[in-house]
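Novice: For reference, the chains in residue letters:
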Amino acid sequence: MNAPSDTPPPLQAAGPALSPGRTLRRLFLTLFLRGRSSRGLRKESAPKSVGSKLALALVFYALFGMFALFFLQQPVFALSVYLHAMTLVFLGMFVAASAGEVLFNKDEADILMHRPVTSRALLWAKIGVLTEVSLWLAGAFNLTGFFVGIGGKDGGWLFPITHAISTIMEALFCTGTVVLVYQLCLRWFGRERLDGLMTTAQVFVAVAAVVAGQVVPRLLIRISGTIKFNAGSWWIGLLPPAWFAGFDDAFAGRGIRSSWELAGFGLAATAVVLWLAFGKLARDYETGLQTLNEASAIRSQRRAGRRWVDVLVHVPPLRWWLRDPVVRASFLLTAAYLVRDRDVKLRIYPGLAPMLVMPFIFLMQDHGRSDGGGFGVAFTGGYLGLIPLLALNLLKYSQQWQASDMFRAAPMPGPAPLCHGARQAVCWFLTFPLLVLFGLMVWLLRGENLHLPLLLPGIIALPIYALIPCLGGKAVPLSLPNEEAKSAARGLSMIGVMLVSIALSGLALWAWSGGWFKWLLLVETVLVIAFYVGMRLSLAAARWRPLE
Amino acid sequence: MISLQHLTKRFGAQTAVDSLSFEVPAGQIVGFLGPNGAGKSTTLKMLTGMIEPSQGTATICGFDLRREPLEVKRRVGFVPESGAVFESLTGLEYLEMVAALYAIPQDAARARIQQFIAFFDLSFETLTDKLLGAYSKGMRRKVVITAALLHNPPVVFFDEPLDGLDANAAVGFKALIQTLAREGKTIVYSSHILDVVERVCDRVIIIDKGKLLLDGRPDELVAAHGTGTLERLFTKLTGGSELERRAEDFAKTFRP
Numbered sequence: 001m002n003a004p005s006d007t008p009p010p011l012q013a014a015g016p017a018l019s020p021g022r023t024l025r026r027l028f029l030t031l032f033l034r035g036r037s038s039r040g041l042r043k044e045s046a047p048k049s050v051g052s053k054l055a056l057a058l059v060f061y062a063l064f065g066m067f068a069l070f071f072l073q074q075p076v077f078a079l080s081v082y083l084h085a086m087t088l089v090f091l092g093m094f095v096a097a098s099a100g101e102v103l104f105n106k107d108e109a110d111i112l113m114h115r116p117v118t119s120r121a122l123l124w125a126k127i128g129v130l131t132e133v134s135l136w137l138a139g140a141f142n143l144t145g146f147f148v149g150i151g152g153k154d155g156g157w158l159f160p161i162t163h164a165i166s167t168i169m170e171a172l173f174c175t176g177t178v179v180l181v182y183q184l185c186l187r188w189f190g191r192e193r194l195d196g197l198m199t200t201a202q203v204f205v206a207v208a209a210v211v212a213g214q215v216v217p218r219l220l221i222r223i224s225g226t227i228k229f230n231a232g233s234w235w236i237g238l239l240p241p242a243w244f245a246g247f248d249d250a251f252a253g254r255g256i257r258s259s260w261e262l263a264g265f266g267l268a269a270t271a272v273v274l275w276l277a278f279g280k281l282a283r284d285y286e287t288g289l290q291t292l293n294e295a296s297a298i299r300s301q302r303r304a305g306r307r308w309v310d311v312l313v314h315v316p317p318l319r320w321w322l323r324d325p326v327v328r329a330s331f332l333l334t335a336a337y338l339v340r341d342r343d344v345k346l347r348i349y350p351g352l353a354p355m356l357v358m359p360f361i362f363l364m365q366d367h368g369r370s371d372g373g374g375f376g377v378a379f380t381g382g383y384l385g386l387i388p389l390l391a392l393n394l395l396k397y398s399q400q401w402q403a404s405d406m407f408r409a410a411p412m413p414g415p416a417p418l419c420h421g422a423r424q425a426v427c428w429f430l431t432f433p434l435l436v437l438f439g440l441m442v443w444l445l446r447g448e449n450l451h452l453p454l455l456l457p458g459i460i461a462l463p464i465y466a467l468i469p470c471l472g473g474k475a476v477p478l479s480l481p482n483e484e485a486k487s488a489a490r491g492l493s494m495i496g497v498m499l500v501s502i503a504l505s506g507l508a509l510w511a512w513s514g515g516w517f518k519w520l521l522l523v524e525t526v527l528v529i530a531f532y533v534g535m536r537l538s539l540a541a542a543r544w545r546p547l548e
Numbered sequence: 001m002i003s004l005q006h007l008t009k010r011f012g013a014q015t016a017v018d019s020l021s022f023e024v025p026a027g028q029i030v031g032f033l034g035p036n037g038a039g040k041s042t043t044l045k046m047l048t049g050m051i052e053p054s055q056g057t058a059t060i061c062g063f064d065l066r067r068e069p070l071e072v073k074r075r076v077g078f079v080p081e082s083g084a085v086f087e088s089l090t091g092l093e094y095l096e097m098v099a100a101l102y103a104i105p106q107d108a109a110r111a112r113i114q115q116f117i118a119f120f121d122l123s124f125e126t127l128t129d130k131l132l133g134a135y136s137k138g139m140r141r142k143v144v145i146t147a148a149l150l151h152n153p154p155v156v157f158f159d160e161p162l163d164g165l166d167a168n169a170a171v172g173f174k175a176l177i178q179t180l181a182r183e184g185k186t187i188v189y190s191s192h193i194l195d196v197v198e199r200v201c202d203r204v205i206i207i208d209k210g211k212l213l214l215d216g217r218p219d220e221l222v223a224a225h226g227t228g229t230l231e232r233l234f235t236k237l238t239g240g241s242e243l244e245r246r247a248e249d250f251a252k253t254f255r256p
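The listed protein sequences correspond, in order, to chains A and B. With the first letter of the first sequence counted as 1, position 370 gets the number 370 in our numbering; the numbers rise by one all the way through. With the first letter of the second sequence counted as 1, position 178 gets the number 178 in our numbering; the numbers rise by one all the way through.
Don't read these hints as lab results, they were simulated from the structure. A hint or two may mislead.
Stated by the list, open to error - Straight line, CA to CA, 20 Å or less: simulated SDA-like cross-link-like pairs of lysine to any residue:
{"no.": "1", "chain 1": "B", "residue 1": "137", "chain 2": "A", "residue 2": "403"}
{"no.": "2", "chain 1": "B", "residue 1": "137", "chain 2": "A", "residue 2": "404"}
{"no.": "3", "chain 1": "B", "residue 1": "174", "chain 2": "B", "residue 2": "239"}
{"no.": "4", "chain 1": "B", "residue 1": "137", "chain 2": "A", "residue 2": "401"}
{"no.": "5", "chain 1": "B", "residue 1": "137", "chain 2": "A", "residue 2": "517"}
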């Protein structure tokens, strides 16, 4: 302990106490921007970890929002439906991905639950931050749309104001819906199953966001032949984006009766969702927070999960495939986290779920086309490559990342066997089951298996896709803090692989129609083998990167 | 100051705390002991309002835990075993955040933080510039202890507070809690370091499987059971008397 003479310089005087509500909001925003854990960081450098990535994401959103220029001189309602549909998808995905960690963080309970703050105050502060960041994203995406609306067919200077208000409503609706889904799950299924329910709830919300923004309009095209973005159509009321577009159309567009009805519906739906989520069911949130503290109840039920995997790795074919003990250990670790860990499950399954929707959309578009289609099938095959890529990228992050120091302490020259174990677990437990599912989707939606071989180019390329995130030894499971997951670079690699998939699908379709499909498969197989060997050698040579 | 009445916590079919009742007057340091899984942390979490009791209740400073949880929380300080902090805040940001949650004006909070910096030998630059994630375990523990005492609570719960503290800091901490108790604060001290408990605490409560086993002054209990030390009494009561022989047997398995 210090002697009195060692007293440090006085801290600067400051003002009165902030209210607990403001304090919590400031806290959660800081935590969101800096991430919840760090190693050896100083204050000045901390925000760069997430803040700069968020800034980059905002730039991407703003660039993507420039597609709104296609709606120049179009009616306000059509522009608004597009903007709100895309905004709903982005916000739904963002809130669904972030809500689990923000709303139910286990470490936080030990820090905050014994302080004199109500669970309602905690909930409001967290929702405030989620909504605020949602609005930044929505603002970036809608930036171009604000100006396009001014020059719309029936638009004007009022459009930016009304669209800003309707976007705020949409963000509140979206955040409220996610919270409501959690609360209803808690209420209906009980506190003990919270961990599993959170994953289910996020999967549900992520899929619902994509369905509401992408699938429903396409289904309606199939029903009615074409979509005329008319606020008076009966089916438009089924689409949440149309409610908010109705608001724009009512105040800054044509102002017809049906637009006012949609606007009223949107206002009512938002109010009801907010009332239910933050008023009526706020108590369920408190229950959920307390459940996180009651670790022993959950611990006692966790015994059965490991046994079947243990058996599986000791019988062929896995016994042959996992001969290296380090690869096997990494495989088992990854499998255990894929099945048990709330944090990992919350990232991976809601991330993968919307990806299943996209092939469905393309297969639906293919269905019944006079030229026989086929692109949907080929695209579905190519799309498979995104599954190991996304899963391996997300498996790198964990709340228990510091435990991965033991990998470095173990007598291994580099991380290659750990990456292989994780890769193989992802292939066995995620990619292969989804491959079967995609095959079934193709077969059921098309009603024939003639086009099934079009899946092959994607399947053959799978080993390459699965090795990409491992290059440089970067796919060590559970080795990075969670906030690093909010990376725009990961989005770029996903976009890159998606473009390659689309190109491969196009090539496959061309080869199919040109009669040289078998040659394509042959050449592709040779190339894949060559690349695969090269990538394996490169990975084997990878060494541990220095810790920060 | 603290009064438990049949406090019970069940997790499904498992009873973690089984109808626990005792009272702690102001100014007393109570050692709260038990083997792993005895229900100590669950009891402390209930008494700090972190989890709800399944049955029974407790009053702290006259406020009922079930009916007035916020009033209870305003009057207790808690150092959890996990020592969890928000790692991406600096020490100062963290302490100021905690002060704000207790509505302590920023000037008063900074003055109090200043005193803790001096007492705990914390580096001023570290507290203001470095993120908590970069702190050593001991420094982090000092910040958590500071956060528990910042609002000057009349009741303080410590769950393994010495974990990570160096020898000097531990000595200072023991002197601190004894002085705090003399000035009227009630302290509940849960630890596995029994010789410290024996020296610091006025009274020990030993629980096992959620039930109260023993309650009394350490010297009186040791004398009554003829065990010589609190540690031996503890192992005798909680079935740990075979441990030394088992440790020897286990060590032999490492022979080549």
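Novice: All hints are to be evaluated individually against the structure, with a verdict given for each.
Specialist: Against the structure, the hints come out as follows:
no., hint, verdict
1, B:137 <-> A:403, "holds, 15 Å"
2, B:137 <-> A:404, "holds, 18 Å"
3, B:174 <-> B:239, "violated, 29 Å"
4, B:137 <-> A:401, "holds, 17 Å"
5, B:137 <-> A:517, "violated, 62 Å"
Taken one by one, the earlier hints fail for this structure at numbers 3 and 5, listed in ascending order.
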